[in-house]
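Peer 1: Sequence:
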Amino acid sequence: MIDVSKLIATFAAAAAVVLLWGESVHWRPTRRHLSSGSLAGSREAVVVLGYKNSSHRANLINRYRVRAGIRSRRRDQHTMLVLSGGSVSSHIPESEVMARYARDILHYDGELVTETESRSTWENIRNVIPLIEDADQIKIVSNALHAEKGRVYLRRLRPDLAERLVKSDDYRFGELILLKPIMAMIGLKDLHRLHT
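Residue numbers (the working numbering): 698 to 893.
Heads up, a few of these hints could be off.
[What the hints assert, rightly or not] What follows is a list of derived Cβ distance ranges for each label pair:
{"#": "1", "residue 1": "704", "residue 2": "803", "range": "25 to 31 Å"}
{"#": "2", "residue 1": "712", "residue 2": "736", "range": "38 to 44 Å"}
{"#": "3", "residue 1": "786", "residue 2": "875", "range": "17 to 23 Å"}
{"#": "4", "residue 1": "732", "residue 2": "819", "range": "18 to 24 Å"}
{"#": "5", "residue 1": "775", "residue 2": "817", "range": "25 to 31 Å"}
These are calculated hints, taken from the structure and not from any lab test.
Every value quoted in this text rests on a predicted model; they were computed, and no experiment measured them.
We treat Cβ as the ideally placed atom computed from N, Cα and C, and that holds for glycine.
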């Protein structure tokens, strides 16, 4: 006969291991591919990478990314929030959907620029370069592994700008905890392809 309590305990332990693995995998990349020194200056660009959005309302992932972008800004800096993403899953660019969420729902009233042509992470980074060239510090915001991919792309495209990369606030323990294992598997696979 099956011992239900043992089965439940085993399942709970396995679930906890998977969730903690997802947290660990997301925490580590938040410290990689950043500037090696301290950066002076008062202008920062916070680049938020969009995610496929099939509706005129921001989906869960884009809402999370916009919130992470806004909380990543420093109060003592002049911040330009750069939302990047074209029409991938809808006729409305992801960046415009995110901008509406930032303005109408989160009441963000700072400087905001949208980049509406990108259809991939590579294009996100390539297309925002003209917008961020004057920034003293640059933050790339997404889920942690996707943001790392963006930083790697910026280093390949513009090593000089990559020297201005600083840490964003896109990782918080427990945030999107149920999605992190899935995002971790996708992100690790993408990063592996970048380095092979």
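Peer 1: Decide, hint by hint, whether the structure agrees.
Peer 2: Now the hints, each set against the structure:
1. Judged by the Cβ atoms, the range 25 to 31 Å given for residue 704 and residue 803 is violated: they are separated by roughly 43 Å.
2. With their beta carbons about 41 Å apart, residue 712 and residue 736 fall inside the hinted range of 38 to 44 Å.
3. Look at residue 786 against residue 875: about 22 Å separates their beta carbons, and that is inside 17 to 23 Å.
4. One distance hint, 18 to 24 Å for the beta-carbon pair residue 732 and residue 819, holds here, with the actual separation near 21 Å.
5. For the pair residue 775 and residue 817, the supplied restraint of 25 to 31 Å holds, since their beta-carbon distance comes to about 29 Å.
Going through the hint list in order, the structure does not satisfy hint 1, though it satisfies all others.
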